[in-house]
Amino acid sequence: MGFGAFANFMQMIKKLPKHISRLLLLIGLFLVVALVTRSFLIDPSFYQHGHFRADAVPELAAAEPVYKGSGFCIGCHEQRKTDWSAGAHAVVQCEVCHGKYLGCPENGKAMLPVNTIRLCTMCHEAMPARPAQQPQIVLAEHPFPDQEKPECKTCHNPHSPTVEELRESEPVAVVAADTLSEPPAAASKCLKCHGKMGQGRRNNPPLAGLSAEKFTELMNQFKAGLGDSKAMIRYAKTLSDEDIAALARYYESLPAPLPEPPPE
Amino acid sequence: MTEVATFTGYVYPNETIIPWGVLIVIYPYLTGLVAGAFTVSSFYHVFGMQQFKPVARLALLTSLSVMLFVPMPLLIHLGHPERSYLSMITPHLTSAFAMFGFFAAFYTILLMLECWFVFRPGNVERARNSSGLKRTFYRAITLWSDDLSPRARLIDSKWLLTLAIIGIPSAHGLHGYIGFVYGSLKARHWWESDLMPIIFLFSAIVSGIALVMVLYVLTSRIRRTAIDHSCLKGLMMALWGFLMFTVVLEGLEFANIVYKGKEGVDMIIAYVQGPLFWRYFILQFGIGALVPVFLMGIMVAINLKGRAFVIGSTISSLLVLMNVLFMRWNVVIGGQEISKTGKGLLTYPMPLFGHESIVSASIVLIAPFILLAILLKLFPPWVEQSGDT
Amino acid sequence: MNGQGDINRRVELKKDKKRTQRREFLCNTSKALAGLGVAAGTGSLLANSPEKKADKAAMAAKAASFPTKDYDWTKHRWAYGIDTTKCIGCLRCVKACKVENNVVGDANHFRTWVERYVYLEGEDHAHVDSHADSQNIAAAGPGAEYRFDNRYKDEKVNRAFFVPKMCNHCERPACVQVCPVGATFRAEDGTVLIDHDYCIGCRYCVQACPYGARFFIEEEGVSDKCTWCYHRITKGLNPACVEVCPTGTRVFGDLNDPESPVSKLIKDNRVQVLKPESGNAPMCFYVGLDKDVS
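Protein chains in written order, with numbering that gives the first Met the number 0: chain A, 0 to 263; chain B, 0 to 388; chain C, 0 to 293.
Treat the hints as calculated values from the structure; they're not laboratory data.
Everything numeric in this text was worked out from a predicted model, so none of it was measured.
Glycine is no exception: its CB is placed at the ideal position from the N, C-alpha and C atoms.
Any given hint could turn out to be false.
Stated by the list, open to error - The following label-pair restraints were derived from C-beta to C-beta distances:
no., chain 1, residue 1, chain 2, residue 2, range
1, B, Gly273, C, Pro257, 51 to 57 Å
2, B, Leu74, C, Leu254, 39 to 45 Å
3, C, Glu154, A, Ile73, 55 to 61 Å
4, A, Arg21, B, Arg220, 23 to 29 Å
5, C, Asp256, A, Ile116, 40 to 46 Å
6, A, Thr81, C, Glu219, 19 to 25 Å
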């Protein structure tokens with residue numbers, strides 16, 4: 000049956016004028032060539048998982064990650080474990096400030112930020128759209144020790160920047176830790192403005208070495224509402240007599256700062 | 000050097016580099032000319048309107064020479080033109096671009112076949128009457144057959160009719176698909192419209208008729224032959240009718256956007272009243288559409304004849320060709336100048352030189368007509384040979 | 000003699016006829032064989048089409064883990080969460096993404112970006128700006144740093160916030176639909192990926208994305224977008240943007256795991272997606288969107 004139909008088909012083709020049959024042959028040839036070429040050209044992994052080149056997926060998955068992550072850095076930089084992981088910047092990954100892992104130390108050290116103002120204000124400059132829970136400063140109003148050349152690192156440890164864990168500045172570094180008495184609990188209010196070692200900061204006078212007598216006298220004045228510092232009046236009113244006495248003893252015991260007074 | 004678009008308001012950062020440039024304006028313009036010229040030839044070849052016989056074969060050759068250059072702006076535009084065959088071997092069936100590739104291929108083959116049949120008797124004669132390289136060329140083109148018997152001609156005419164009939168939806172599908180690409184894109188309000196394919200189609204027909212008119216007048220002038228006024232009048236009437244319908248459609252589409260007033264419409268209205276005002280209302284609608292409609296209306300009303308009629312028709316056609324070019328520009332570039340945010344507007348920077356530039360667009364526009372000139376020499380559509388269709 | 004001549008002629012005629020018949024037979028047979036060959040060839044081609052071969056390969060491969068032996072994409076359903084109430088606009092994510100994925104370092108090509116919305120007192124509509132804004136570009140300085148300037152610091156601001164944006168890895172992605180060749184596709188774990196060796200650079204996908212998440216890399220001639228750091232998530236890491244975000248704005252995770260950060264975000268908050276009317280069904284879930292966020 001098939002052969003008969005085929006024979007009829009061939010008869011019909013034969014009966015056509017030459018140019019038509021040649022044209023049909025050309026078209027047929029073109030289609031065959033097209034189909035053959037197609038099967039050669041299609042990527043073998045195409046259609047395996049859908050209408051795409053299946054090999055592309057493992058290729059994309061195989062690329063090496065660039066950022067190593069802070070866990071990787073701490074593997075070698077153990078000293079960071081204590082101050083960074085426990086501090087307020089535990090949410091800031093090492094490579095954010097230090098750049099991507101370059102293969103240190105073989106390929107050179109990791110980048111150390113130079114312009115800290117530019118870096119830190121990236122997150123901490125007060126901006127209307129920033130949520131209130133983000134610590135923010137207005138640059139012009141921030142108490143930098145050196146207003147000419149403001150530098151965040153003077154007071155803030157970049158790895159643990161909360162002011163309670165301030166960096167100890169050069170002038171009082173010589174004191175051995177075990178000769179100091181424990182600060183009384185109330186001292187936590189004082190150190191923000193007067194420095195951790197009572198060395199004084201900016202406009203706030205140093206307390207270290209101040210006689211207990213003088214200290215008590217001043218504090219009682221503030222507590223009575225006298226004196227030219229509204230802040231001190233406020234603070235003094237929160238302190239009990241026992242607190243003032245303890246603070247007076249503590250600050251008297253601290254070594255007075257070295258000759259250079261903190262600049263105004 | 001990538002040109003970055005300037006913007007006002009807010010636009011997505013990635014939008015500042017406009018993806019589809021002037022080459023993608025030229026591309027639907029060319030396919031429109033293809034579809035329109037084919038429509039003119041079908042007036043005679045399918046609908047048997049004898050009035051259009053003088054231009055029928057010229058229109059076919061025009062359609063063919065422009066069609067052969069249609070891939071050019073696309074290939075220049077593509078990031079990897081050498082991979083363009085991938086859309087033919089692994090076409091993504093959900094993509095209008097992929098399906099368009101097949102429409103275009105199918106139509107090109109169909110058009111070549113139709114031209115082959117139409118010019119076959121002439122080619123056989125030319126094969127007989129020439130020698131050497133020319134003779135080999137014509138023999139090859141006719142597939143080494145010189146059969147002009149009545150039976151052969153009968154079969155030829157059947158093929159021709161079939162091809163011409165299939166050709167109409169094919170040509171219109173080819174260009175309608177482009178309208179569909181824009182009309183189906185929900186990401187841009189300026190494009191997203193059910194009317195888009197029809198608008199593109201009718202403005203294509205209009206541009207094709209206008210082009211054939213201009214070419215007819217031009218070639219008649221060059222050859223110093225008489226213009227068949229009844230043919231030209233028929234073309235002008237067709238142009239007039241289709242143009243009025245096109246204007247209505249385009250006006251409807253714009254009215255729809257404004258009337259529906261969806262989110263982002265403020266930006267569209269600001270855009271149309273501002274940066275787009277001259278290109279849209281004055282050049283496209285005003286000078287490009289309403290002026291030719293009135294001009295042709297007057298010519299019809301006073302039954303203008305003679306040289307004035309030829310001049311009036313030519314001017315109308317040139318204005319329409321400008322109109323359609325601006326329409327493509329205002330759709331393609333205009334759509335991208337309205338940001339997806341609905342809050343901003345961009346300005347397309349068109350460089351003078353470069354990949355997508357005035358220069359490259361001009362080359363792509365002119366090239367088909369150089370080919371047409373060659374084809375007109377090889378396969379003269381106006382020499383009355385014995386037994387021509 | 001005539002008789003002999005006749006016989007000779009008849010023999011000749013018979014020979015001729017035989018020759019013609021033989022010729023015709025050979026001619027016909029060869030044509031028939033050619034036809035059969037064409038038919039057979041085409042038939043075998045269709046039978047062994049790449050589609051059929053792929054089916055067989057897929058069935059064989061189903062047992063094995065794909066795409067890598069340590070990561071089976073059928074076991075995960077990734078999603079992304081963004082809590083805009085926490086975003087501080089520090090842009091560490093934008094920078095990290097560019098470093099991790101080697102994205103063009105200018106202000107016009109972003110896999111992820113952050114928008115700032117500011118409502119000034121007495122106004123109903125937000126002022127919106129992002130990294131292509133000329134003032135922000137000036138504030139950023141050279142070297143592909145990204146920064147928001149502080150232009151509103153002296154203004155009376157009603158409310159203001161940041162909105163990070165990126166590819167939403169939609170469930171019904173318009174970009175995948177329009178790709179003519181199949182260079183962009185949705186993986187079985189929900190990630191929408193791009194095959195840079197297959198993309199022809201037509202930029203239809205760039206047009207189709209309602210979110211402006213896609214862009215064209217002129218130097219490579221291909222389109223690109225956020226891939227949720229596919230090379231990281233297939234190794235159990237987070238995308239780079241999630242990794243560096245200091246405020247927990249960006250979370251990522253497996254919807255199949257109820258303890259993953261994104262599952263928790265969706266469970267604990269009313270979440271929205273961007274442009275739900277697009278019908279693309281995005282998989283980035285936002286907390287804290289606002290009326291003017293587009």
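Taking the hints in turn, this is what the structure says about them:
1. A hinted range of 51 to 57 Å for the beta carbons of glycine 273(B) and proline 257(C) is consistent with their spacing of about 52 Å.
2. At roughly 43 Å, the beta carbons of leucine 74(B) and leucine 254(C) sit within the given window of 39 to 45 Å.
3. Checked against the given bound of 55 to 61 Å, the beta carbons of glutamate 154(C) and isoleucine 73(A), roughly 42 Å apart, lie outside it.
4. Against the hinted window of 23 to 29 Å, the Cβ-Cβ separation of arginine 21(A) and arginine 220(B) comes to about 39 Å, which falls outside the hint.
5. The hint said 40 to 46 Å for the Cβ distance between aspartate 256(C) and isoleucine 116(A), and at roughly 42 Å that hint holds.
6. Checked against the hint of 19 to 25 Å, the C-beta distance between threonine 81(A) and glutamate 219(C) comes to roughly 45 Å, which is inconsistent with it.
Hint compliance for this structure: hints 3, 4, 6 are broken, all remaining hints hold.
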